[in-house]
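Trainee: Spelled out, the chains give:
2 protein chains.
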Amino acid sequence: MTAATGRSTGEPRAGGGDALLTDLYQLTMLQVYHARWMTEEAVFDLFVRRLPESRNLLLACGLEHALDYLEGLRFERSDLDYLERVGLFEDDFLSWLEDFRFTGDVYAVPEGTPVFANEPLLEIVAPLPEAQLVESYVMSQVHFATVAASKALRVVTAARGRRVVDFGMRRMHGRDAALKAARAFHIAGVDATSNVLAGKLYDLPVAGTMAHSFIQAHDSEPAAFRDFAATYPETVLLVDTYDTLDGVRNVVRLAEVLGPEFRVRGIRLDSGDLDELAKASRQILDEAGLDRVEIFASGSLDEHEVERLVESGAPITGFGVGTRMGVSSDAPSLDMAYKLTEYAGRGRLKLAPGKRILPGKKQVFRSERDGRAVGDAIALVDEDLPGRPLLRKVMERGRRLAAASPSLRELRAHARSELDGLPPGLFALRPAEPPYPVSISTRLEAYAREVAAEATAQETA
Amino acid sequence: MTAATGRSTGEPRAGGGDALLTDLYQLTMLQVYHARWMTEEAVFDLFVRRLPESRNLLLACGLEHALDYLEGLRFERSDLDYLERVGLFEDDFLSWLEDFRFTGDVYAVPEGTPVFANEPLLEIVAPLPEAQLVESYVMSQVHFATVAASKALRVVTAARGRRVVDFGMRRMHGRDAALKAARAFHIAGVDATSNVLAGKLYDLPVAGTMAHSFIQAHDSEPAAFRDFAATYPETVLLVDTYDTLDGVRNVVRLAEVLGPEFRVRGIRLDSGDLDELAKASRQILDEAGLDRVEIFASGSLDEHEVERLVESGAPITGFGVGTRMGVSSDAPSLDMAYKLTEYAGRGRLKLAPGKRILPGKKQVFRSERDGRAVGDAIALVDEDLPGRPLLRKVMERGRRLAAASPSLRELRAHARSELDGLPPGLFALRPAEPPYPVSISTRLEAYAREVAAEATAQETA
Numbered sequence: 001m002t003a004a005t006g007r008s009t010g011e012p013r014a015g016g017g018d019a020l021l022t023d024l025y026q027l028t029m030l031q032v033y034h035a036r037w038m039t040e041e042a043v044f045d046l047f048v049r050r051l052p053e054s055r056n057l058l059l060a061c062g063l064e065h066a067l068d069y070l071e072g073l074r075f076e077r078s079d080l081d082y083l084e085r086v087g088l089f090e091d092d093f094l095s096w097l098e099d100f101r102f103t104g105d106v107y108a109v110p111e112g113t114p115v116f117a118n119e120p121l122l123e124i125v126a127p128l129p130e131a132q133l134v135e136s137y138v139m140s141q142v143h144f145a146t147v148a149a150s151k152a153l154r155v156v157t158a159a160r161g162r163r164v165v166d167f168g169m170r171r172m173h174g175r176d177a178a179l180k181a182a183r184a185f186h187i188a189g190v191d192a193t194s195n196v197l198a199g200k201l202y203d204l205p206v207a208g209t210m211a212h213s214f215i216q217a218h219d220s221e222p223a224a225f226r227d228f229a230a231t232y233p234e235t236v237l238l239v240d241t242y243d244t245l246d247g248v249r250n251v252v253r254l255a256e257v258l259g260p261e262f263r264v265r266g267i268r269l270d271s272g273d274l275d276e277l278a279k280a281s282r283q284i285l286d287e288a289g290l291d292r293v294e295i296f297a298s299g300s301l302d303e304h305e306v307e308r309l310v311e312s313g314a315p316i317t318g319f320g321v322g323t324r325m326g327v328s329s330d331a332p333s334l335d336m337a338y339k340l341t342e343y344a345g346r347g348r349l350k351l352a353p354g355k356r357i358l359p360g361k362k363q364v365f366r367s368e369r370d371g372r373a374v375g376d377a378i379a380l381v382d383e384d385l386p387g388r389p390l391l392r393k394v395m396e397r398g399r400r401l402a403a404a405s406p407s408l409r410e411l412r413a414h415a416r417s418e419l420d421g422l423p424p425g426l427f428a429l430r431p432a433e434p435p436y437p438v439s440i441s442t443r444l445e446a447y448a449r450e451v452a453a454e455a456t457a458q459e460t461a
Numbered sequence: 001m002t003a004a005t006g007r008s009t010g011e012p013r014a015g016g017g018d019a020l021l022t023d024l025y026q027l028t029m030l031q032v033y034h035a036r037w038m039t040e041e042a043v044f045d046l047f048v049r050r051l052p053e054s055r056n057l058l059l060a061c062g063l064e065h066a067l068d069y070l071e072g073l074r075f076e077r078s079d080l081d082y083l084e085r086v087g088l089f090e091d092d093f094l095s096w097l098e099d100f101r102f103t104g105d106v107y108a109v110p111e112g113t114p115v116f117a118n119e120p121l122l123e124i125v126a127p128l129p130e131a132q133l134v135e136s137y138v139m140s141q142v143h144f145a146t147v148a149a150s151k152a153l154r155v156v157t158a159a160r161g162r163r164v165v166d167f168g169m170r171r172m173h174g175r176d177a178a179l180k181a182a183r184a185f186h187i188a189g190v191d192a193t194s195n196v197l198a199g200k201l202y203d204l205p206v207a208g209t210m211a212h213s214f215i216q217a218h219d220s221e222p223a224a225f226r227d228f229a230a231t232y233p234e235t236v237l238l239v240d241t242y243d244t245l246d247g248v249r250n251v252v253r254l255a256e257v258l259g260p261e262f263r264v265r266g267i268r269l270d271s272g273d274l275d276e277l278a279k280a281s282r283q284i285l286d287e288a289g290l291d292r293v294e295i296f297a298s299g300s301l302d303e304h305e306v307e308r309l310v311e312s313g314a315p316i317t318g319f320g321v322g323t324r325m326g327v328s329s330d331a332p333s334l335d336m337a338y339k340l341t342e343y344a345g346r347g348r349l350k351l352a353p354g355k356r357i358l359p360g361k362k363q364v365f366r367s368e369r370d371g372r373a374v375g376d377a378i379a380l381v382d383e384d385l386p387g388r389p390l391l392r393k394v395m396e397r398g399r400r401l402a403a404a405s406p407s408l409r410e411l412r413a414h415a416r417s418e419l420d421g422l423p424p425g426l427f428a429l430r431p432a433e434p435p436y437p438v439s440i441s442t443r444l445e446a447y448a449r450e451v452a453a454e455a456t457a458q459e460t461a
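Chains as they are written, first to last, in the working numbering: chain R, 1 to 461; chain V, 1 to 461.
Just chain R, same shape as in the assembly (with noise of 0.2 Å):
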């Protein structure tokens, strides 16, 4: 295992050769933009519109790759002859492409910090085309962090201290998905994961020890826990293969003949009643005097299940959690939005129902009181409202600022921090009763009727 001690390094850097990652009607519009000389200053906010019924808060994440993503983006050649073979663009707009980079500003709140409903995650303020093009990548990203890192959260609240280990890699939504889901749980407060690349790369703790396939392509199950102690002495062994609570009483042998030499640290429960599997194993490795031998369980797990162990006392002091975190199983994507808000110095929204924009460049203040949040208000940037401000700037004119390149370890504590002060209520596993409290200035709301009224202007001037 190796501690999570500093910045993502040595993962290629997105952008050069994903300008393409991108809806196709970024595209058609940036040509439009570009013949008619649409290139003023826009704002875009990105947030999320509601919340998963299931979900009291968020967990901010996925900033990091965006912002890899903002200063690499260009377009390749070979990028600029596929788009001419698409038979949409024109040699004039595909040379500008040419030397298409991205040279706006970025504020955002750091990864690891709390958000609520049409609270903007980040700002990108931008000439049009440029803010215009990145929506879709950099939606993507933060939309999955976010997604993972608030769904793990659900899990390490629920496991209540007990160690908590990425099992997903397998089952969810490809190489991306994999790597980015196990450096978001890391910053919600997962303890390790199985993925090794992950591990390469984010310099994450890293956790495993064996499957059922081990076991089965022994002999017998005590001479594959043999074999498998023979080179990790401190191990975990997988006890349910075939029958578990035989396994444990094979894992009670092999420490009678090793004797001294067991140094076994756990075994593992993969499957049946979870919590009287591990109460009927506790009792037979105590009555053999290995009290010392720990629980681990896995298995088709997630936040209830966890909470339903931990709470009926079930002796497993870690939980392998694989898919349901993984996919994110019960909200495996948000309401996520990125929308125009300002242009050419005037704010924008649209009037589609159910689909609010807030205009205007924005600030969200954190209220607290006795250390502890009370609420968020949502304001015009220029207000100066009681409470914290959350969003930083973290780029400007296309380079990142290096206040914000904080190391996993930081941001990992800071969303401990940020948890911490948050009213305890919103961390049960049910929807919150009150729900966070999150406001709209006074003045942000007098702005968004001013211009929604010169909109429904705009419907026919």
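One or more hints might be untrue.
A pair holds if it fits inside one copy or across any two, identical chains being indistinguishable in the list.
[Claimed, not checked] Computed cross-link-like contacts, DSS-like style, restricted to lysine-lysine with a CA-CA straight-line distance of at most 27 Å:
| hint | residue 1 | residue 2 |
| --- | --- | --- |
| 1 | K361 | K393 |
| 2 | K279 | K393 |
| 3 | K279 | K350 |
| 4 | K355 | K279 |
For the record, the hints were derived by calculation from the structure and aren't laboratory data.
Since the structure of chain R is provided, determine the placement of chain V on it from the hints.
Mentor: Only chain V this time, still in chain R's reference frame:
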């Protein structure tokens, strides 16, 4: 737009650099296999234990990327250096990993083949360490692509011949998911994708015109429509930024202004009651003589909403389907397993409850009557049962067989043809009654009992 004509090219091959994209326990097991010379032939099956409640069938997908990985698999210097730092591996083992290659055989059903519970999608026959290591990555690719194709098939079915376009890139789980899903969607019958890089890499038709921000950035909606149509005369205009029916009237006005030069192909509705709005929009367009302007719909669509719109007679000719298809929101994962079924010539299974493994090398036979599939039988590989065998050899000694490289166009046609041969009842969005019949051959059942008896003995042997 480009047609889907060829096999994917231009995409960086997986494998090199991705050897560590695996679970740590694969590597700890490998070190013991290496130390104990456990390198005899192993057979692993990749299959789905139970279908999600809402799925009557799955569309197998992702094989191509699994084979890319197997062909390219090797450990780089930096991988081995990292493993050394992890502290669990000896020099002797790390040297052996340096020359590690996948040298095994792979049997699989072609992508686009409908499969059911317990049927192997893929069978790997290789020396134990090789077949073991590749589990995590191979499953990750086949699992997600199968999730995506199976979900898309439902949307395509519900659309009954109307156009379906993938709009999901931004809220899918990262880069790899967005690319692989677009490809899987194409195999399942989706017509186009908004994802430009997927279009480039897989030669898929791409689609998309404008977002709300384009309208908002203009001084008025009519000005925005005028600007866009000047660059793209045969376009689709988004009409719901301010008020949907006013937006449609603005399209009518544009037609009046442009006269014979008006060639707008369609409008897109993205919010509100799509059924009602489509009918009202149709009436406005028809009254203005614009009966050839089509109506497209998008906005939180899934197969149920598409079915509702089609059944209510909404005059919609195409659907843009995003997040819910992109993350397969009702079933974002499958109960997929990769299990050792034979080692060193002996059948293997496990006895954990609810996690049955069928031992041995297998074949699946699909029986047809009057050109219509009537049931499958899972059998031992050397059985000769009625019906068409589904599993084919696609890789031999680590090299892909030429016959196993169909073009995407061929895979899409294969899927269509296989699906046309299934009982129509399977295509209902609700659980089919009766479900498609899958039996286990008498010989395989007998063999499973025999191996189970041996396994019981293995508990304590």
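Trainee: So which of those numbered hints doesn't the model satisfy?
Mentor: Violated hint (a single one): 2; every other hint is consistent with the structure.
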